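Asker: Chain by chain, the residues run as shown.
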Amino acid sequence: MRVFQMQRISAIALLIFLTIHMIVVHYPPFHINFDNILVRLQNPVWKAIDIAFLFFVLIHALTGAYVVITDFERAFDYRKALAWIAVVIGVVAFIYGSMTVWAFQPPA
Amino acid sequence: MTNSDAITHDVIIVGAGLAGSWAAMIAAEQGVRDVAVLSKLHPLRSHSGAAQGGIAAALNNVRPVAGTGPRGPLEQIPEGEEPVDSPELHMFDTIKGSDWLGDQDAIEILVNDAIDVIYQYEHMGCVFSRTPDGRIAQRRFGGHSAPRANFAADWTGHVLLHTIHEQALKHGVKFYSEWYVMDVIIEDNIVRGVVAINILTGEVHLLRAKAVMFATGGYGRAFKITSNAFANTGDGVAIAYDAGAPLMDMEFVQFHPTGLYRHGILMSEACRGEGGYLLNKDGERFMEKYAPDKMELAPRDLVSRSEQREIDEGRGVMEDGQAIWLDLRHLGREKIMERLPQVRELAIDFAGVDPIEEPVPIQPTAHYSMGGIPTDNNGQVIADAQGTPIVGFYAAGEVACVSVHGANRLGTNSLLEASVFGRRAGYAIAEFIKNGAKLHPVTGDPAERNRRMIQEMLDNPGKELVEDIAQELKATMTANCGIFRDDEKLKRALKDVRELQERFKHARVMDKSRRFNTDLLAALETKHLLTFSEVIVTGALNRTESRGAHARTDYPKRDDENWLKHTLARKGEDGRPELSYKDVTIFWDRFPPQERKY
Amino acid sequence: MYKTTGFISFFLRRLTGVALVIYLFLHILVIGSVNAGPEAFNARLNAVQTPIFKLAEIALLAAVVYHALDGIRLLIVHYFDVTEYRKSMFYAVIVVATILVIAGGVPIFLFMLETAS
Amino acid sequence: MANNNRRTVTVRIQRFNPDADAKPHMQEYQVELVQGMTVLDALHEIKTHQDGGVTFRRSCRHAICGSCAMNINGRNTLACKTPLKNEIDKHGRVTIRPLPYLPIIKDLVVDRTTFWEEYLRVKPWLIPPDDIPEKEFRMSPEEVHALNNAETCIMCGACYSSCAVIGLNKKYIGPHALLKAFMRVLDPRDAAPAERLAEVSGADGVYRCHTIFNCIDACPKGLNPTQAIETLRKLAQKRQKYEQARRERQKHLNEPIP
Ligand SMILES: Cc1cc2nc3c(=O)[nH]c(=O)nc-3n(C[C@H](O)[C@H](O)[C@H](O)COP(=O)(O)OP(=O)(O)OC[C@H]3O[C@@H](n4cnc5c(N)ncnc54)[C@H](O)[C@@H]3O)c2cc1C
Ligand code: HEM
Ligand code: SF4
Ligand code: F3S
Ligand code: FES
Chain X
20 MRVFQMQRIS AIALLIFLTI HMIVVHYPPF HINFDNILVR LQNPVWKAID IAFLFFVLIH
80 ALTGAYVVIT DFERAFDYRK ALAWIAVVIG VVAFIYGSMT VWAFQPPA
Chain D
14 MTNSDAITHD VIIVGAGLAG SWAAMIAAEQ GVRDVAVLSK LHPLRSHSGA AQGGIAAALN
74 NVRPVAGTGP RGPLEQIPEG EEPVDSPELH MFDTIKGSDW LGDQDAIEIL VNDAIDVIYQ
134 YEHMGCVFSR TPDGRIAQRR FGGHSAPRAN FAADWTGHVL LHTIHEQALK HGVKFYSEWY
194 VMDVIIEDNI VRGVVAINIL TGEVHLLRAK AVMFATGGYG RAFKITSNAF ANTGDGVAIA
254 YDAGAPLMDM EFVQFHPTGL YRHGILMSEA CRGEGGYLLN KDGERFMEKY APDKMELAPR
314 DLVSRSEQRE IDEGRGVMED GQAIWLDLRH LGREKIMERL PQVRELAIDF AGVDPIEEPV
374 PIQPTAHYSM GGIPTDNNGQ VIADAQGTPI VGFYAAGEVA CVSVHGANRL GTNSLLEASV
434 FGRRAGYAIA EFIKNGAKLH PVTGDPAERN RRMIQEMLDN PGKELVEDIA QELKATMTAN
494 CGIFRDDEKL KRALKDVREL QERFKHARVM DKSRRFNTDL LAALETKHLL TFSEVIVTGA
554 LNRTESRGAH ARTDYPKRDD ENWLKHTLAR KGEDGRPELS YKDVTIFWDR FPPQERKY
Chain P
514 MYKTTGFISF FLRRLTGVAL VIYLFLHILV IGSVNAGPEA FNARLNAVQT PIFKLAEIAL
574 LAAVVYHALD GIRLLIVHYF DVTEYRKSMF YAVIVVATIL VIAGGVPIFL FMLETAS
Chain W
31 MANNNRRTVT VRIQRFNPDA DAKPHMQEYQ VELVQGMTVL DALHEIKTHQ DGGVTFRRSC
91 RHAICGSCAM NINGRNTLAC KTPLKNEIDK HGRVTIRPLP YLPIIKDLVV DRTTFWEEYL
151 RVKPWLIPPD DIPEKEFRMS PEEVHALNNA ETCIMCGACY SSCAVIGLNK KYIGPHALLK
211 AFMRVLDPRD AAPAERLAEV SGADGVYRCH TIFNCIDACP KGLNPTQAIE TLRKLAQKRQ
271 KYEQARRERQ KHLNEPIP
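Taken in order, these protein sequences are the chains called X, D, P and W.
The numbering of the first sequence is the working numbering, which starts it at 20 and goes up by one.
The numbering of the second sequence is the working numbering, which starts it at 14 and goes up by one.
The numbering of the third sequence is the working numbering, which starts it at 514 and goes up by one.
The numbering of the fourth sequence is the working numbering, which starts it at 31 and goes up by one.
Each hint should be verified, as a subset may be incorrect.
Here are the in silico distance ranges between beta carbons for each label pair [said to hold, decoys possible]: (1) P/Y592 x W/L150: 27 to 37 Å; (2) W/H121 x P/V531: 28 to 38 Å; (3) W/E62 x P/Y592: 45 to 55 Å; (4) D/E501 x W/R37: 33 to 43 Å; (5) W/R37 x D/D596: 29 to 39 Å; (6) D/E501 x W/E62: 26 to 36 Å; (7) W/P54 x D/K476: 23 to 33 Å; (8) X/V44 x P/L588: 18 to 28 Å; (9) W/H79 x D/N211: 21 to 31 Å; (10) D/N211 x W/E62: 15 to 25 Å; (11) W/V64 x D/T557: 33 to 43 Å; (12) P/V531 x W/V64: 45 to 55 Å; (13) D/K476 x W/V64: 24 to 34 Å; (14) D/G44 x W/Q267: 39 to 49 Å.
Because the hints were derived from the structure by calculation, they are not lab data.
Quantities reported herein were computed from a predicted structural model and do not represent experimental measurements.
All C-beta atoms, glycine included, are put in the ideal place defined by N, C-alpha and C.
Isolated chain X, as found in the complex:
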């Protein structure tokens, strides 16, 4: 089933991205603000990495949430609708998140 595969593949991708993310973002200097993020995100490769990370984490999170919800017998019959809701949330969050990454531009 696709959901299952998507979840495994994104999990493997996350293993890489999340490790990077945790190390670069949450460790020294610990305190972050616009400026020190900007330093990194001026490099387009970093922008790409962050957007890919966003992509996979959304897939993983939404398939995960979908699985958790459809595990309940009551929700099981509404799988179709739930899947569409997940897709919509995913697309919106992806666009919004990408805009965010994009927004780290040196102040004009």
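On the provided structure of chain X, position chains D, P and W with the ligands as indicated by the hints.
Answerer: Leaving out everything else, chains D, P and W with the ligands in the frame of chain X:
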């Protein structure tokens, strides 16, 4: 009134073991649309599933390695080489095993149909163990002169039962799971239906049908030490007997030589088939004395008697000296793990002994009921020695007595019997229905009658516990109507049984509720035990000879002059069994009676 | 309820998974404030970098680490025949997760103490 | 002094008769612990001598019929193969409950309706190929061996009712039925593996299993439904190819294994 309230089916089969499921499957396959099976257990819980060792048929897949003797290793027969086995040989072994009390026409059918039935099982998905070239594997079994026990490790009955149940489902058979049949309606020698309790609700229903078949299994529960399941209370024989049908050869009860000490749980004969030894307290293989040729693989009645003799003469093991060692250690870990894995687990779970390391304490255990409801070769129940049919009433499997086992059954022949005669009954029933069988009316209100009977049992404030009565019955049956019998013991047993029947009138059912009342069922089952035990003892008392499993110390010889005949018992006016006798079918030119020596 | 190591691992995996999803969306919203300009962003970020939030971050770390390791365990089970080692694998996950969380948590904790004082 | 072979022990049993009780309650009984006694023996002693109302299923008493699966000291297992002494030694007493997650019919008797429905749904019977040989289909000992993990399943339900997914959602096929499907899919005689794989690889099939492993821990026959499910998942990925291979194999079903 009641006739229209009743549930109706074309065919009602009581019991969902191998015999019942085969009949149901075949009838459905033959185009009978409305086949219902009632079972007090879920079908897959039937006792057929407990069978371990194998199912006989002369397939000729393996042979003993030349020059290694009767206990040596086996090998597959290379393509195109001489067979070592034949239905004829199987037939002879069975007749000899039966101590010439088996009906030879029925045995001939059994051994010939055997081959076809095994292949049919295989084609239906049964997972048999295999030879290296992919044929069904075979092993030796007691009393069989060739390796013809086809097996699936040591869970043969389990895979057969699951296979046939699946097929019955596939053919659309309707199962009433956990319905307890308590009465069969026979009027004017025509069967009309059954009365059953839906265990879940406690409701009593009348179920009418054009044909009724009993496949309710054996009656080993009348004994204290038994390999049989709790469910093997011989309901079928007792119900049929109460309804006026006769019972045949009830005195023949097989004791298996290797029941786990105290539990009675079976250590399959495959243990000996694979080469296990029986040892007494002094470490002797005592079978040398009793059956120098076949040793441990002599037939069951003989081995059990030999064990009992060792025990009685003070050469038993364990604190109370009531056991014998079953020694498998020399087979080695690998063989035990591959061929006898379940047996090993049983020994570990129930006796705390690992057969790879230690010998297992065992004792004879009541195992198989040769007697039962007499039928012709198509499962049609007969009412008397002349073979008058009870129209529409069929029986097969352990509850029936065709008789292929006569005075003693050979291991692996009973799964075969249940399959072969279950299948034949299926065809016969389909025939019967297609030839325009009618639904016959029922007089009165049998459901109400049974409801009232149950209510009386529930309302009885009696002071006796059902279990105490049952235990006393089992104790006396084991002590006085067990492996060795004599006039004095049997008279004592008869007196005890009758007293217990009286006492049962004051038995108290503790659970008064309707829903899933297994306490009530236990009481009904005990009533059944009391009913047919009287028949067993009466038959045994009258049969003043020793034959097969019926061993009388006061009449130690077989007596063909007077006793080469089946016992028929029918419930008399006074409620006591009335005995008559029926001839044994013997092909005098082919298999005349001989002395039975191993 | 049927409690075994299997059940506990499943429960924790699910708990951490759901917690992480909730966190993820909050996270996206917080970081998203940059769309309103660097000032808004810095203000929002300052608000979520108080000591309390740093403590929460350790919890987050624990959740991620456990969830990821357990995820790896499952991936291993999918592709290799190792169900026999199911219990020891679970204990290994717990041990490794604990070590990682301590290793990762201490610097954050020290930093928290620093900012708090 | 109580000597070690004979002592009185406490057995707690969950009682519930939906016709009479608002909710389940625990009841304590004392039984004398005899050497070699199983939990089923203890239940029997209680039922026949102390309280006939205590209700449970049983038949074979040697772990082959699957009737007596119940929850003993928190673990699903067969009462007939659980030595009473072991439980007492480990936990000090025995607490017996019905199989979890299933509707209670009475006391320890549960309603296995959904369990059997799923069993039926995977078509437990063999779907044979078109040509049936005169004698047996040839199957190698290895092919038979591969089925061992499923063929001894006694359909007791211990696995099913230990699985947390079943606790949430009875539409899940469940470990027992998936194990049965596995057995048929692997059987060289079965002619429809692709169809079977399609049936079990829906949202309620193998992908609903979250690899919780309770089924393995619970199975009294030592079977491994999890591994069977993993195998089915893999085969489902390439079911057309697998079906192809099966057709090839079936051309030789009538020939000796080399
Ligand atoms: C431990 C053991 C091992 C054995 N091993 C072998 C072996 O290796 N080889 C061999 O050939 N034979 C063996 N046998 C014998 C063989 O298993 C049985 O003879 C055979 O299975 C009987 O099958 P059956 O269909 O007649 O009855 P069973 O399988 O006993 O089925 C009886 C059915 O009747 C139902 N029933 C009973 N009473 C009622 C009622 N009142 N109302 C509704 N339903 C009812 C039960 O629910 C059950 O479904 C063994 C027997 C035992 C005890
Ligand atoms: C390295 C990182 C990660 C790995 C290896 C990983 C792995 C996995 C795996 C294998 C599953 C499947 C569990 C199952 O089928 O039962 C899973 C489920 C899930 N994951 Fe992750 N994951 C990771 C990170 C994340 C993150 C960052 C989130 C949240 C945003 C997340 C949320 C979820 C959720 C909600 C589930 C469903 C929970 C469940 O089914 O029990 N995971 N994860
Ligand atoms: S797999 Fe094991 S636990 Fe599950 S039903 Fe079969 S025997 Fe019982
Ligand atoms: S317990 Fe349930 S979730 Fe899967 S591994 Fe077993 S079926
Ligand atoms: S009584 Fe048959 S499995 Fe326990």
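Asker: Determine which of the earlier numbered hints do not hold for this structure and return their numbers in increasing order.
Answerer: 5, 10
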